[in-house]
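J.: Sequence:
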Amino acid sequence: MTVNQPGLRALLMTCRKRYRGPDGEVGPPGRRAGISQEQLGFLLGRSGRWYGALERGQMDNPSTGLLEDVARVLSMTGEERAALYLYAVGRQPETLRPTGAAADCDAAWRTVVSHVTTPAVVTDLRARAVAWNTEFREVFGADWQPFTQTYGGNILRWGLTHTPVRDRLLVDWADSWAPALLTALHVALARLPGDPGLRALQQQVAEDPLLGSEGAERFLSVYASGTWRQTVRHPRHGPTTYTTLTASTHGTSDLALVVWLPEEAGGSAVAPVRDGARGP
Numbered sequence: 202m203t204v205n206q207p208g209l210r211a212l213l214m215t216c217r218k219r220y221r222g223p224d225g226e227v228g229p230p231g232r233r234a235g236i237s238q239e240q241l242g243f244l245l246g247r248s249g250r251w252y253g254a255l256e257r258g259q260m261d262n263p264s265t266g267l268l269e270d271v272a273r274v275l276s277m278t279g280e281e282r283a284a285l286y287l288y289a290v291g292r293q294p295e296t297l298r299p300t301g302a303a304a305d306c307d308a309a310w311r312t313v314v315s316h317v318t319t320p321a322v323v324t325d326l327r328a329r330a331v332a333w334n335t336e337f338r339e340v341f342g343a344d345w346q347p348f349t350q351t352y353g354g355n356i357l358r359w360g361l362t363h364t365p366v367r368d369r370l371l372v373d374w375a376d377s378w379a380p381a382l383l384t385a386l387h388v389a390l391a392r393l394p395g396d397p398g399l400r401a402l403q404q405q406v407a408e409d410p411l412l413g414s415e416g417a418e419r420f421l422s423v424y425a426s427g428t429w430r431q432t433v434r435h436p437r438h439g440p441t442t443y444t445t446l447t448a449s450t451h452g453t454s455d456l457a458l459v460v461w462l463p464e465e466a467g468g469s470a471v472a473p474v475r476d477g478a479r480g481p
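Heads up, the sequence shown is in the numbering used here, so the first residue is 202 and it goes up one at a time.
There could be a bad hint or two in this list.
[Claimed, not checked] Across the chosen pairs, the derived CB separations fall in these ranges:
1) 291 / 362: 50 to 58 Å
2) 257 / 430: 46 to 54 Å
3) 291 / 464: 49 to 57 Å
4) 464 / 369: 36 to 44 Å
5) 214 / 397: 18 to 26 Å
6) 437 / 291: 38 to 46 Å
7) 395 / 439: 18 to 26 Å
8) 369 / 205: 18 to 26 Å
9) 276 / 205: 19 to 27 Å
By construction, these hints were calculated from the structure, which means they are not laboratory data. Note that the structure is a prediction, hence the values are computed from the model and not measured. Even glycine gets a Cβ: it sits at the ideal position worked out from N, Cα and C.
Produce the complete structure using the sequences and hints provided.
T.: Okay, structure coming up:
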């Protein structure tokens with residue numbers, strides 16, 4: 202059982218109540234602040250009942266990976282993360298500095314994407330958006346709220362399981378978007394084979410009527426070198442085709458920079474020039 206049940210419950214309830222989505226949003230007016238156990242369980246790739254057992258201290262020896270996921274999703278400070286470990290397993294975390302995107306995506310990365318003139322986003326190993334520019338947000342239009350709040354800013358979970366975007370925003374979803382998203386999921390699973398959220402998403406994909414019946418081989422066959430062409434139905438500009446470029450950072454960082462370059466009719470990518478820069 203958990204070492205300190207009252208402490209763990211108080212800590213997690215406090216962090217849930219102050220939860221804000223990746224864009225700082227708190228939800229529709231009149232809605233209770235924070236995030237519910239059911240919603241948090243979803244973001245962790247589990248059920249609300251499963252997460253509730255953790256919060257109540259009824260889970261024996263939760264794994265390091267699980268605790269790190271909880272700390273990341275709830276944007277815990279270093280002190281809160283240390284308390285989470287002490288209350289849950291009776292020891293300090295092996296590293297005092299939080300791992301993952303919350304630690305690595307500092308102000309410098311946010312400045313970088315704010316100076317990119319086309320849609321740009323920084324993602325972590327789980328494909329969760331941790332920094333973006335105004336152009337990236339504009340592409341989503343009305344889908345920005347479900348992307349950030351319901352799907353926690355996770356591009357893979359949103360693009361693969363949020364079925365309304367298949368007909369509305371992501372043009373030619375089955376032949377253009379699904380291959381890239383599924384391949385990215387396989388790459389993420391190869392790098393984080395024990396991640397519960399990615400495993401849960403893999404199961405959702407397997408149960409999807411279209412993805413499951415078509416088979417992974419067809420979707421994976423068209424992917425090449427992290428660069429592909431995809432079309433979105435832009436809220437202001439209409440159908441717009443982008444060349445997507447992905448670059449991973451060097452060293453121990455788990456971040457990747459993704460840039461969408463709009464294409465002219467002839468197929469060449471163009472990057473508009475802009476005076477000044479806007480922040481995300």
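J.: Check each numbered hint against the structure and report the violated ones by number, ascending.
T.: Going through the list in order, the structure violates hints 1, 4, 6, 7 and 8 and respects the others.
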